[in-house]
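Colleague: Numbering (mature numbering (1 follows the signal peptide of the UniProt record, and there is no 0)) for the sequence shown: -17 to -1, 1 to 379.
One or more hints might be untrue.
27 Å max Cα-Cα, derived BS3-like pairs, lysine-lysine [said to hold, decoys possible]:
1) K291 x K340
2) K104 x K92
3) K291 x K350
4) K104 x K184
5) K291 x K332
6) K332 x K258
7) K158 x K185
8) K340 x K350
Distance windows between CB atoms, simulated [what the hints assert, rightly or not]:
9) R300 x G276: 14 to 24 Å
10) P338 x T305: 17 to 27 Å
11) E112 x R89: 14 to 24 Å
12) V271 x P347: 32 to 42 Å
13) G140 x I306: 39 to 49 Å
14) G303 x Q116: 43 to 53 Å
15) K258 x E96: 46 to 56 Å
Calculated directly from the structure, the hints in this document are not laboratory data. All of these numbers come straight from a predicted model, not from anything done at the bench. Even for Gly, the Cβ is constructed at its ideal location relative to N, Cα and C.
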Amino acid sequence: MRHSYASALLLAGQSLAAPVDSVNEAPAGQNTPAGVLQLPLVPVTPDPQDASLSKRQAQGDLNMYRFLGLRPVVGFGMPLEIGTPAQTVIVEPDTGSDLFWVPQVRAGKVREEPASVYFDKYRSTSRRELNKQNLSRYGGNEIIVWNMSADVVSMRGQSLGEMQFGVANLQGPTKIGRVVGILGLREPIPKNPYASEFILKKMLDSKVISDAAFSMSVDENGKGAITFGGYDTKKFAGPLEKFPFASQTSNKLCLGETGRETNPSYVRSYVVNMKSISVSDSTHASHVIPDQGLTIGLDTGSPAIAMKKAIYDEVGRALGATIPEGSSVPVINCTLMQDARITLAMNDKVSISIPVKDFEMDVPKLKTGGNCPVAIISRDLPAGKASHEEPYLYLD
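With the hints as constraints, model all of the structure from the sequences given.
Modeller: Structure follows, in structure tokens:
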């Protein structure tokens, strides 16, 4: 069955405006919308925020985990249950990828329970080895090699049936900045051999949801949710603004196993137009970079923000950023960083204000002289190419 996936981005002037205690809590087992997925671990009272979910929407946990790796940074994680007996595996919902893979627990180690970023394929009695190997590159210097498996997958106890996914071996040549698997939310191209395994397609085909829309929200404490099948109205205040996606199928991607391929493929990316960018802190007025045909690519697979070089240079100057000798990671004054913000004006009504401290990287050797490293990078790429480079936001 052919499904129609996301065609627009919805944003509100204010988000997370409705506190939990302002919602009438329903008694356990009552008034729970059909299709809402709840944690299967123990009998629980339905989350009061679930009352705002419409029929056939599926909500899973979305919490912030500090993933270990070469460049530890904060990201978003959600639990999936994989295998038999079920193993709860934390994965990143990634709007910049159409892949689904998880890291295999390291040799001689055991998974942390009850949840871990690792999957132990040898513990699952329902797993099938597919004898196929794939490779992917991220950011030009990260490599993931995984072997394809098929196993049963569920979310909050709701079965999605058997799915095909990669199980990554963390030994060479794999080299990644963060140890965490991904669940791709970007629509696959038709020629993708695993297009039928797309998570939204699986949920629609199994009638877990009736709409391919999805939404994410995280509060200031790092707690949040991902909702499949629509959006949670209690997460917003005021009217929602609609931003059509720009050029979803026109973004050329030429990266393959050897770094480049002679026959480029095309990917669908979540890219929308925007008005301007501004940088401010507690002591300086906003430095505004006006509209020059700006677009923004949305990619939840990484907490970095990537910019075209011209924009990167202006933002860097406004923040007083420098790059230490022998490094490619910019640093800014730690005190200034606490109040600095990057604001993305989507239109005259809606802006996204991001604290620069959200991009701080946990790299002690770069945190010297009162400076802190930040995940703000320059990528001189066409709009939408960010779908491979894995930035959180890509500004072109």
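Colleague: K340 and K350 were given as a pair; does the straight-line alpha-carbon distance stay at or below 27 Å?
Modeller: With a Cα-Cα distance of about 13 Å, the restraint between K340 and K350 holds, given a limit of 27 Å.
Colleague: Would the hint linking K291 and K350 be met if the CA-CA limit is 27 Å?
Modeller: holds (25 Å)
Colleague: Are the Cα atoms of K332 and K258 separated by 27 Å or less?
Modeller: Given that 27 Å is the threshold and the Cα spacing comes to 11 Å, the pair holds.
Colleague: Starting from the range 46 to 56 Å, see whether the pair K258 and E96 falls in it by beta-carbon distance.
Modeller: Holds - the Cβ-Cβ distance for K258 and E96, about 48 Å, lies within 46 to 56 Å.
Colleague: Should the hint that P338 and T305 are 17 to 27 Å apart at their CB atoms be regarded as holding?
Modeller: Hint holds: Cβ distance 20 Å, inside 17 to 27 Å.
Colleague: Regarding G303 and Q116, is the given constraint of 43 to 53 Å on their beta-carbon distance met?
Modeller: holds (46 Å)
Colleague: Regarding the pair K291 and K332, is the alpha-carbon distance no greater than 27 Å?
Modeller: holds (25 Å)
Colleague: Holds or violated: K158 with K185, Cα cutoff 27 Å?
Modeller: violated (30 Å)
Colleague: Is 32 to 42 Å right for how far apart the beta carbons of V271 and P347 are?
Modeller: holds (34 Å)
Colleague: So does G140 sit 39 to 49 Å from I306, Cβ to Cβ?
Modeller: holds (48 Å)
Colleague: Assess, step by step, whether the Cα of K291 is no farther than 27 Å from the Cα of K340, and give holds or violated.
Modeller: holds (21 Å)
Colleague: Between K104 and K92, is the straight-line Cα distance small enough, at 27 Å or below?
Modeller: Distance of about 13 Å is within 27 Å: holds.
The earlier numbered hint that this structure contradicts is number 7, and it is the only one.
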